[in-house]
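Protein chains: 2
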Amino acid sequence: MGISEEEIISRYLAPLARQNPEALGLRDDAAWLRPKSGHDLVISCDTLIAGVHFGADDPADLIAGKALAVNISDLVAKAATPVAYLLSLALPKAPDAAWMSGFAAGLKQAGRSYGCRLLGGDTTRIGGPLTITITAIGELPTGTMVRRSTAKAGDKIVVSGQIGEAAMGLLVRQQSAQTKRWGLSPAALAQFERAYLAPQPRLPLVPLLRRYATAAMDVSDGLIGDLAKLLSASGMGGVIRLDAVPFSDAARQIIAADPGQIERLVTGGDDYEILATIPAKAVEAYRREAAAFGVDVTEIGEIGAADNGLQVLGPDDKPVTFKTASFQHF
Amino acid sequence: MGISEEEIISRYLAPLARQNPEALGLRDDAAWLRPKSGHDLVISCDTLIAGVHFGADDPADLIAGKALAVNISDLVAKAATPVAYLLSLALPKAPDAAWMSGFAAGLKQAGRSYGCRLLGGDTTRIGGPLTITITAIGELPTGTMVRRSTAKAGDKIVVSGQIGEAAMGLLVRQQSAQTKRWGLSPAALAQFERAYLAPQPRLPLVPLLRRYATAAMDVSDGLIGDLAKLLSASGMGGVIRLDAVPFSDAARQIIAADPGQIERLVTGGDDYEILATIPAKAVEAYRREAAAFGVDVTEIGEIGAADNGLQVLGPDDKPVTFKTASFQHF
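These protein sequence lines are chains A and B, in that order. Quick note on numbering: the first sequence equals residues 1 to 330 in my numbering. Quick note on numbering: the second sequence equals residues 1001 to 1330 in my numbering.
Just chain A, same shape as in the assembly (with noise of 0.2 Å):
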């Protein structure tokens, strides 16, 4: 038997909003911010669909866990601090009251976890696939948003995490035939997959890019697509070494195993690590402070001339081309 929208609300999203006015009890038309002064809001707002965002299947904590993680890495990305978030759930059926459960606390820690609390939202039911629509909330300092659209010449890009670590989790997710002939150890299959369903937005990066980026975006449809969407955002074009992109030993043994799968990697979605270029005489602080906050960040090329565009260098010093270079829906 499923919960009704009205139990939905009042028995296990409600208790999520209890501690914020703001959010009247989900039982308002509408919910109200105030915001600080001297303060931007930063909005995002991302669509996750079951079969294309993550599987149908998945378990439920962790689908909120990264509906609310996505949005929260593109707040990050703009050095905002996020605040709040309103859901919209679009649900195939009545849900039963277990996957309800694991999906309210799921997006309970992640909120805790990120400081932003629920404000407000909608609950439908759709004719097709589990639908969340999440717009989350940041504040900063007047003026202070970090674009993609200001890179300089002579900035170094630089990468947090590694990449393709989800990219690799949903191929050991749905085709784990072929990744079965990598003689990947149980620990690294779980490390994938773990990447793929519950990303962690950078929150400790915010402060640092406020202070040391010139343009930053998150990088959720894959290194290589995102990277060339900064650079044209800029104006500017780019050159990055594969060899010093990031990559997990894991990831690194599947190289090793199948070299053609470096493609992948460095094209696969879902990293939500955060691309940001930055002057070169601030790398070097901008990597010493972030490790301090438990992140690596790793050099991986230079900003140049808009007429060379994006430039990709095998170790050989060659440019490599990919069929392609990011995620498009259609």
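Rather than coming from a laboratory, the hints here were simulated on the basis of the structure. Think of the CB as a built atom: it goes at the ideal place given N, C-alpha and C, for glycine as much as any other residue. Among the hints, erroneous ones may be present.
[Claimed, not checked] Taking CB as the label site, the calculated pair distances span:
#	chain 1	residue 1	chain 2	residue 2	range
1	A	Ser37	B	Lys1281	36 to 44 Å
2	A	Arg112	B	Pro1207	34 to 42 Å
3	A	Pro207	B	Lys1323	28 to 36 Å
4	A	Ala285	B	Arg1211	50 to 58 Å
5	B	Ala1098	A	Phe293	45 to 53 Å
Place chain B on chain A using the hints.
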């Protein structure tokens, strides 16, 4: 041949955001918003799904207009002035140019008439029905939001416009055989369909609600059920008279032919009229000032003690009950 994701954004949606720098050309991870000092934001998020909230074959410009209208209606009910919105568009397939251009035109016109600008959003592909989520943002002087939960004993219950028009419009579109028996004129049929396809949020009421209303909400899931929600949120009861509910001449013609249809009129969804509670001594001023803006408002009852719940009185002064008070997704 369908349009690519890149083209949807750059060619059809970005032009709507050209004049507002916060949207960053819809080419960044997020948008920014600089709140007006001394003001609160009011935020609403509603999802509309083909087959539930509109027909998949409805004209694209009307689909877009309705998606924005129903969200703006929530802001109006809170006495907020619309300022901006985000759009998440989940499309079952790559749209053709005619559909996409109609959709963008409808959005543009609606945005202009409500004075709110496109800030950002998301475009995805869905293995299901067309799904549109809009997050609408309004503003009002700090602390002046009108809630659902603050109706007071003795307040008059007042509703704008005419009730049940959209519910009849849906019936006309879905079961024309049934509506033929009522001998409605083509003009009446068109009026009902228009109410369903192109709801008009009551923007002129924003300053009046701020001045006069003790509580308000928009009627989206049926007058009776929504009023019951307002009473419950306020911890109050109330009495309304069915013969005081404002119906159009065409709706009255249906009631005359088939008295049972009154239930559809007062419990059917999609009215997007404003239900408000107004202190008795202010009702006349509210009515007169609304009329000056071209909006009729009608007193239909009064707030009373909680223990009596919602009483709906028929023409014979006897209480009337309905099978389903309002729309529930599940």
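How the hints compare with the structure:
no.	hint	verdict
1	A:Ser37 - B:Lys1281: 36 to 44 Å	holds, 37 Å
2	A:Arg112 - B:Pro1207: 34 to 42 Å	holds, 39 Å
3	A:Pro207 - B:Lys1323: 28 to 36 Å	violated, 57 Å
4	A:Ala285 - B:Arg1211: 50 to 58 Å	holds, 55 Å
5	B:Ala1098 - A:Phe293: 45 to 53 Å	holds, 51 Å
When each numbered hint is compared with the structure, a violation occurs for hint 3 only.
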